[in-house]
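Colleague: For this one, chain A is given, so just place chain B on it according to the hints.
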Amino acid sequence: MLKFILRRLLQLVPVLLILSVLVFSLVHLVPGDPVDVLMGEGHTDPVVEAVLRAKYGLDQPIVVQYFTWLGNILTGDFGSSLYTKEPILDMIADRFPATLLLAFASAIVAIVISIPAGIVAALYRGSLLDFGAMGIALFGISVPNFWFGILLILFFSQMLGLLPSMGYVPFFEDPWTATKHLIMPALTLGTAMAANLTRLVRAEMIEQMSQEYVRTARAKGAPERIVIGLHVLKNAMIPTVTIIGLQFGGLLEGAVLTETIFAWPGIGKLAVTAVYERDYALIQGVVLFAALVYVAVSLLVDISYRFLDPRVKLN
Amino acid sequence: MMISPETKLLLRKLRRNRLAMIGVVLVSVLVLATVLLPWVLPWDPNKMDVRNALQGSSAAHLLGTDQFGRDILTRIVYGGSISLRVGFYVTFASLILGVGLGALSGYVGGMTDVVIMRGMDALMAFPGLLLAIALVAAFGGTMTAIVIALTIVGIPRFARVVRASVLQRKESDYVLAARALGKRPTVILVQDVLPNCIGPILIQTTLKFPTAILGEAGLSFLGLGLPPPAPSWGRMLNEARSFMEVAPAAAIYSGAAIFITVMGFNLLGDGLRDVLDPRTQSARR
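Line order of the protein sequences matches chains A and B. Numbering follows UniProt numbering, with no gaps: position 106 of the first sequence is 106. Numbering follows UniProt numbering, with no gaps: position 172 of the second sequence is 172.
No wet-lab data here; the hints were simulated from the structure. Source: prediction; values computed, not measured. Glycine included, C-beta positions come from ideal geometry on N, C-alpha and C. Mixed in with the good hints, there may be bad ones.
Claimed, not checked - Taking CB as the label site, the calculated pair distances span:
id : chain 1 : residue 1 : chain 2 : residue 2 : range
1  : A       : Ile303    : B       : Val115    : 36 to 44 Å
2  : B       : Leu36     : A       : Asp45     : 39 to 47 Å
3  : A       : Gly161    : B       : Ser58     : 25 to 33 Å
4  : B       : Thr186    : A       : Thr216    : 47 to 55 Å
5  : A       : Phe96     : B       : Leu36     : 46 to 54 Å
6  : A       : Phe96     : B       : Lys183    : 28 to 36 Å
Okay, chain A solo, but in the shape it has when bound (with noise of 0.2 Å):
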């Protein structure tokens, strides 16, 4: 197991490699100069440009600006952001928490919609019941998330003034007010992901249905609660561990838009200011940053399928 971990993070450096190195050019795409943006408008003193070059190192060749960029990010220097000067980690160390509740939520919306949808779907194949799941499942894939959340707040918000249509409470200071703030970002960001595991699961239901130990299981006459509660769950399980876990890094794509709609404080959000405000650098780091957790949580997927599924090989 130890060596397939370390084989498996040794294969991460290359990817790694190649991501910083894309990472660090997003920002040496940018037409014009950083100095001038460092400088502002209509200063072009020669002497203060020549000191900001050599403060951000940027009267280096491009190669050594990228090294010791890349040695910045291994000791945990992100660097400052352009505009309030804060240190980037810091201010997206501030952000994450909610960004990370806001997953989480969204991740239990999904499971808990998809694995008895998929399931039911898949027990009654070609009835009504399944229609109307694959029904909602492609309404799921196909509606805009910034769409949903915005007639949720004007149905659950305007319409009924049931649920408060923007804002974040940190959960652990009130749990109340934190899930009613909680619950329409989490059915937004949540459905796509509700939608997906529900075909997942449907599928899989029915691959493993068809298997030879399924025909054991009946002739030997074990009834169905236990064939399929045991034997076809346990085994259509073990893919949709490892999409959800897979999915949980999408999420903080779709969380850049939900984030928006809601006013919610997490990164996603950090990244649309940052653009708005043409902060290259704190892009560049919370780019980074989404980059970084989805590549560990793949790993972490990785590793945990081996756990699940004895039958594939350590090695």
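Modeller: Just chain B now, kept in the frame of chain A:
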């Protein structure tokens, strides 16, 4: 063009797939509407008429007017051509580049494979929309920038799908036979391997289209799409948010336009997958 018996069979199966046919109808209606309606509708999508702002639906303005008195239906129709064009360019570009890289990776193997696939892994690690936002922020909100950003996000999936099916076909008898006949590797790849990977490529293509449209809508919703007054659906939806309490129509209709378009392509994609890959059939065919 000659249609092989296999293609005919597939087309017949596709025609019998009810959901796919609904998708075909939706997509055709949309394309026809964006092409033909501009000739019929009397309004200019960007002409402001502030005295008639935020009107409900009437005979003159079927879906009402927005905050500047512009006809919502007209703007949705013109917005459709932006969405469909972005969808088309992005899908086409990701298809060409993704198939190229994937085929190279799968067919040549070795170091080439390792380098390309690790690059794709790195690209896939970025949350797609976040990467697109960063790229558009860097390049500015032009059609080209949007297409490049969404294409970069779209390539890896194509490359993976193509690589996997090339690997699967590479050792098949007809490829070995072609090799024994002394055909050049590039010729084998283009003539014998890729045509047999057309199924997965086709499915990926139909599924890329709606993702690209959603991507463009998301970008323009965040204010990173084409600059105003371009009537892109995402921007319309975002602008309508401020007037939602008095006039929810614009928000509802522009979002519905995105939803219906995306659903049309998804239905078509699902139908194709049912026909080409019977293992994953949906509820009713």
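Colleague: Which earlier hints can't be squared with this structure?
Modeller: 1, 2, 6
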